[in-house]
Each structure stands twice: as structure tokens, then as C-alpha cells.
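Just need the whole structure built from these sequences, with the hints factored in.
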Amino acid sequence: MRRALEHARRGLGRTSPNPIVGACVVADGVVVGQGAHERAGSPHAEVHALDEAGDAARGATLYCTLEPCCHAGRTGPCTDRILEAGIRRVVAAMEDPFPHVRGGGFAALRARGVEVDVGVEREEAARLNQPFLTVVREGRPFVILKAAGSIDGRIAASPGERTQLTSAPATRRAQYDRAWVDAIGVGSETVLVDDPLLTARDVYRERPLTRVIFDRRLRTPPAARLLSTVADGPVIILTTAEAVRDDRARAAALERAGATLVTLAGPGLAAAVRELPAYGIQSLLIEGGAALHAAARDAGIVDYVQLYVTPVALGPDGVPLDDRAFSTVSLFERKVHVLGPDVLIEGYVHRPH
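Per the numbering used here, the sequence shown starts with residue 329, numbered consecutively.
Some hints here could point you the wrong way.
Using C-beta positions, here's what the derived DEER-type ranges look like [to be verified]:
no.: 1; residue 1: Asp574; residue 2: Val531; range: 36 to 42 Å
no.: 2; residue 1: Pro345; residue 2: Glu583; range: 45 to 51 Å
no.: 3; residue 1: Arg553; residue 2: Val531; range: 18 to 24 Å
no.: 4; residue 1: Ile479; residue 2: Leu340; range: 37 to 43 Å
no.: 5; residue 1: His428; residue 2: Arg576; range: 50 to 56 Å
These aren't lab readings, by the way, just hints derived from the structure by calculation. Given the structure is predicted, the values throughout are model-derived calculations rather than measurements. Think of the CB as a built atom: it goes at the ideal place given N, C-alpha and C, for glycine as much as any other residue.
Now the structure itself:
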């Protein structure tokens with residue numbers, strides 16, 4: 329199963345809106361087939377493993393990190409392929425909560441005499457698929473809150489001033505994280521102050537990276553730099569019908585520049601992020617600014633925190649990281665990484681399940 333999990337990791341950043349899955353076929357203690365689901369619409373991990381195993385799959389055991397699917401989507405049901413191959417036993421890390429599966433795959437296999445065991449390395453499998461599981465269970469993306477602060481808890485030298493805090497090693501790590509998430513989110517204030525590109529740089533990324541701007545007042549300038557990079561990935565502006573109605577000229581200019589305007593049906597950040605799975609977004613990295621961070625925490629939608637701390641002190645005139653105490657002590661599975669002169673503290677807000 330651990331080998332199957334390693335294969336599953338090959339799908340990080342590549343399979344949305346599908347889960348990441350790995351599989352191995354074992355006959356007489358020997359791995360005779362293995363594979364991963366590599367992108368949506370391509371064969372599932374079980375199919376790759378069974379194809380590689382060939383006739384050796386008959387009477388063998390299939391290890392997979394998620395319950396095999398039993399419905400036809402862009403590909404056929406994996407359960408049919410497993411039965412055709414003559415697999416005797418299936419060991420799965422966890423049940424798939426997707427409504428079209430949700431135990432149905434296991435039931436279909438058991439009904440045809442296949443032995444099924446569930447739960448081996450379940451926690452690790454759940455960690456790998458937190459974005460997929462969050463969308464299925466809660467109807468919103470898995471939200472990662474990323475912040476960079478000075479040693480005295482400030483994010484900028486003064487209001488409205490762009491302040492570079494992190495070192496080159498920390499910046500490289502941040503780019504690595506951009507390589508696997510589906511989208512980056514910022515508030516309109518960040519766009520106005522920093523005018524960022526929000527692209528993945530110096531790392532390989534297979535899929536386009538979506539940029540999301542939380543902008544209820546529709547303040548985003550049509551000349552914003554990130555709108556010059558729509559060829560690298562979509563730009564979605566979450567706004568309100570009132571803002572579009574009040575400034576139709578700006579709305580039209582933003583759309584001409586390539587932005588997709590999404591008008592929100594209700595108030596609050598929780599309602600806003602529930603619009604995103606419809607655009608293939610299962611993981612959202614919220615990068616700034618402080619007001620958006622505070623709103624995300626207040627809305628209870630933050631699942632994971634990444635806090636970069638630099639040894640620089642900005643003083644009392646600096647912009648606070650948050651208007652409340654920001655503590656990482658309560659994070660689950662907390663990790664600390666030294667990145668040049670900086671430190672990254674990260675962990676789950678809730679235990680992954």
C-alpha cells in the first residue's frame with residue numbers, strides 16, 4: 329500500500345477534479361503491475377496496474393489507495409476491469425465518498441466473490457486527497473492560508489506599501505506550492521498595492537494555474553498585470569451583481585481583458601469559495617492580504633496554514649499580520665522548515681480525515 333501511495337503522489341497537481349490514486353497488483357509476494365491516475369480523462373490507476381500485470385493479475389491481490397469506481401464517467405468502471413482481470417482480493421486504503429461510488433465499488437466486488445479489505449494506511453491516503461475529499465464532503469475547495477510576516481508579526485512596513493520579506497529559499501518553496509494547487513486567491517487590496525502576476529515560476533506545472541480575486545466592490549483595474557497572463561491560466565473575479573451594475577464599463581473592460589466575472593448569490597466568504605469547484609478548483613492557496621486572511625479564518629474555511637517568518641522587524645508602524653493574535657500552536661501535524669534565514673511553520677487546522 330505504501331508503494332501504491334508513492335505512485336498516487338505522481339498525480340499531485342494534475343488530476344483535478346478527480347482524486348489522486350495509486351495501485352499495485354501483487355502475485356505470490358511480487359509486484360507484477362503498478363500505476364497512478366495521472367490526469368482527468370485518462371485511465372485510472374487500477375487500469376494501469378492491471379494492464380502492466382497482464383495475465384499475472386488472475387488470482388492476485390490489487391492494492392489501491394481509494395475505493396475502485398463503479399460508474400461510467402470519462403472512463404469505464406474500474407470494478408468491471410478488476411473482475412475481468414480475475415483479481416481475487418482488493419485491499420483499499422479508504423472508501424470513496426463521491427456519491428456515485430460511496431461503497432458501491434466494494435459492494436460490486438464482494439457480490440462477485442472478490443475479497444475486500446479496507447483501511448490499510450487510511451490516514452495517509454486521506455492526507456493525499458484532502459482537496460478532493462473537502463469538495464465532495466463540504467462543497468468547497470481545500471483552503472490553504474499562506475502568510476509571510478516579520479519577527480514582530482507585521483506583513484508590510486506601512487499601509488499600502490509593497491514590502492518584500494522572504495528570502496530566495498523561502499520564495500522557491502512558495503513557488504513549489506504553487507505548482508500543485510489548483511488556484512491562488514488574493515483580495516482586491518493586494519492587487520491594488522502589489523499588482524502581482526500570481527504565476528508559478530521556476531517550477532514545472534502541467535496544468536494552467538487559476539487566479540482568483542475576491543473583489544466584492546469590483547476594484548480590480550483592467551490593466552492589472554495578472555490580466556496580461558491569462559494565457560498561463562484563467563483569472564476569476566468573485567464580485568457582486570450590485571458592483572457590476574454600478575460600474576458596467578469596468579466590468580466590460582475586465583471581461584475584454586480576459587477575466588471571468590462571477591457574481592455571488594449570497595454574502596460571506598464561505599459562499600464565495602463554494603462557487604469555485606464548478607471551475608475545477610479543489611485546492612485554493614489564499615496568499616493575501618490581511619483582511620482576506622481574517623475573513624477566511626472568521627468564515628471557518630481555512631484547512632491548512634503556512635506561516636513564513638523572517639528575522640526582520642518592521643516596527644509598530646507596520647501592518648499587523650492579523651488584528652488578533654495569530655498562533656500556530658494549535659495546528660495539527662505541525663512542521664517547521666528552515667529556509668535560509670526564514671522559517672516556515674505549517675500544519676492542519678483540523679485533523680485530516
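Against the earlier hints, flag every one the structure doesn't satisfy and list their numbers going up. Checked against the structure, the hints that fail are numbers 2, 4, 5, while the rest are satisfied.
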